[in-house]
Amino acid sequence: MMNPNIHGAPPEDYWYLHVARATDLTGSKRILYRAFEILPGFLSITTLALFVLLSFSQPVFAAYLTIVFAAYWLFKTAYLSMHLRHNFKRLRHNMSIDWMALLHDKPHDHLVHVVMVPFYDEGYEILSESVRSYLTGTWDPKKIILVLASEERSPNGKEVGERIRREFGEKFLECIVTVHPAGLPGDIPGKGSNLSFAAEQLRTHVLDVRGIRYEDAIVSAFDSDTVVYPQYFACLTWHVVTCENLARSSFQPVPLFNNNIWQAPMLSRVMAYSSSFWQMIQQERPEKLATFSSHAVPFKTLYDADYWQRNVVSEDSRIFWNLFARFDGDYRVIPIAYPVSMDANAAGSLWQTIKNIYKQHRRWTYGAENIAYILFACVNNPRIPFRKKLRASVVQIEGFWSLVTHPLVLFAVGWLPLFIGGAAFHSTVLSYNLPLIARGFLTTSMLGLIVSAAITLHLIPEKPEYVPRFRRTTMVIQWLLVPLTMVVFSSIPGLESQIRLMFGRYLGFWVTPKSRTHD
Amino acid sequence: MQPLSSAVRRTYLIVLSVFFVALIPLVILYAEGWRFSPELGMYKTGGVFITVPYTDVTVTLQGEEIGTTGFLQRTFYIDDLAPATYVIRASREGYYPWERMVVVEPKIVTDTRVLLAPLEIERTQLVLSGTSTGMRIVTSDTLATYRILFATSTTASSTIPVDMQDGVGLFIDGGNLIARWIDEDRPVPSNFCVRPLSCVTEILLERDPNPVLSASFFAGGVLYRIKDSGIFFAEMDARPTPRIVRIDTDPVSDYRIIDGMLIVKEGSAYFHLDL
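Protein chains in written order, with my numbering: chain A, 1 to 519; chain B, 1001 to 1275.
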């Protein structure tokens, strides 16, 4: 049941709603938040250290653990693959449906879509391609408000925004260009502060002026490179009008990274599709789903939580936890199983691409900062049911712990007993069987990659003429890189993020460079 | 199309969890060497690990072929062996057959290393000039160096090893040749163990009426010279039956290992022997 007292800016009870880090607090609250920040790194490092220690002192026990981890990995892969396969079927089904026809008998004329596109130094080409996709779908662009949210810090940001507005603005219900001032108190440079500023500009300059009810404005918060598929707005609208509790729901499409997938190197493609597949799996586990990257949320809901947090790196997932705390745990993400497409990492050189992938994933895995926030909110909000507090905390802690530790255990630390287990261990049957059994489990797990490869081939856009034919083959064999990418681009950046949080060396926002080549 | 229902997901989870919980103890028992047979019930097994540092060697266990080594395959791990004594044989054309009796104990892997000695050793005489087959021209400086090296000799002692390698010292004690494990920080290797859990620290390599004059590690085995008998190449292993091959029958010949090569001196002539 919706609390009728919740209107506008959050009440004082929710003073912690936009806490970003321990340094925002004082006294015992600061100590508590600091402890929560230390927790994920502490758990991961303790696990890895325990493995090293056991490999020295109790190699037999360490070997047992490695076998258990490898078996667990196999079963987890099997379990998640079932979710992935189902979501893939659902995705294809949803892409084949005429959502406009489905909306025919569902009142939806009162709804307006707001597309918010925050950008920094992305060029006209990137933005215009995204904006064109909003115009060419089945949804009437005259029921879309486009907000181009530029940064004052960017030398050409406003200029690019204005050019887009001049060129395409007339086709939308309204198009505004906002300029997020540099150095506003409480802001860190990044997407969250820009979006938040633009949202307030939207409210005062468009929604209030036009008399659009906040409940009727559905905000899609995109990246500058987010290209929508033709039925995105219709599909989203259908989910909005059929939603049981719109005011307490966000909507999550499936993020694909197809815009430049044929130009991206193998490593980048594997990482891109791995991220997409993870989101597809989560779409079938909505109780574990938080918003990620491009997502949609009713404006009223955003307004009640004072928009996105302006002082965090992971604003896309944090907004979900803001809303979860703001509405006392009564909040959910509706997976719409319909794609949007963004850019895969593709810099000018392979080395630069590798660096960019690492930095991007460090930013994403910095989502571990949400753990401290969730635990702190749980402590300070007695209205959130205990069951929800427990589930949210356990799911997030386990998620970031396993992200860091499992690949490192399976592909590195878990094999230590073979090297440092000592002569007595080396002469045991267990020592000889450990690699055979662990490898057996891992190899069987890798069969799941066949599913991944097959799905990839169905999700990639048509191969452009200028791309050599063999690259289609590499779309399959690229999956052999998964053990490497799991360690180098998931575990290690994840561990770095958690160590940074542990030691209070907070990460700033890093804008993923966008570049596309069409040679 | 509906999302995966909670009931279906729960079913997946329960089925997989049951499999996981049931599988783990079985896998760990298997990894530890436990096996099951209707006749014996649950029983513990051991294994044998054979290292073969040569290609084209056929290896058998109890007369049953395990495999032949190649460019990539240089080791064999045979598990599921009931505790007992096993005979391993290795053969390669042109080489003495190799045989080892190993004792397999429960949950332990016994390892052994194949050492092959050629049936006919290739001898190349080192000369200053000449064109015959079986000769190789070397410089006068090289021969001069050899003369100096053969003129010097090591003093045999029961406490000072004549050669050391990987924690093993070769001692000439009372004319006998003994391999002794001298690294106190590490457990003795398997070739010092008659059975996996019964090891010694000394292996008597040679006890001849004539005294051993010199000894060195070479090509995975031990080279030594016995007074008035010649030069021998032997395997260092406490388990039956280590092979000993006489590689030079000239009773007064001597040898040195120079730059990794085995050089033998017979009278005033120098030969390179290829083991």
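Watch out, some of these pointers could steer you wrong.
Listed below are several chain A residues computed to face chain B (Cβ distance under 10 Å; list not exhaustive) [unchecked claim]:
(1) Ile67
(2) Ala71
(3) Leu74
(4) Lys76
(5) Tyr79
(6) Lys106
(7) His110
(8) Pro286
(9) Ile420
(10) Ala423
To be clear, the hints were calculated from the coordinates, so they are not data collected in a lab.
From the three backbone atoms N, C-alpha and C, an ideal C-beta is built for every residue, glycine too.
Evaluation of the provided hints:
| no. | hint | result |
| --- | --- | --- |
| 1 | Ile67 | holds (6 Å) |
| 2 | Ala71 | holds (6 Å) |
| 3 | Leu74 | holds (9 Å) |
| 4 | Lys76 | holds (8 Å) |
| 5 | Tyr79 | holds (5 Å) |
| 6 | Lys106 | violated (18 Å) |
| 7 | His110 | violated (27 Å) |
| 8 | Pro286 | holds (7 Å) |
| 9 | Ile420 | violated (14 Å) |
| 10 | Ala423 | holds (5 Å) |
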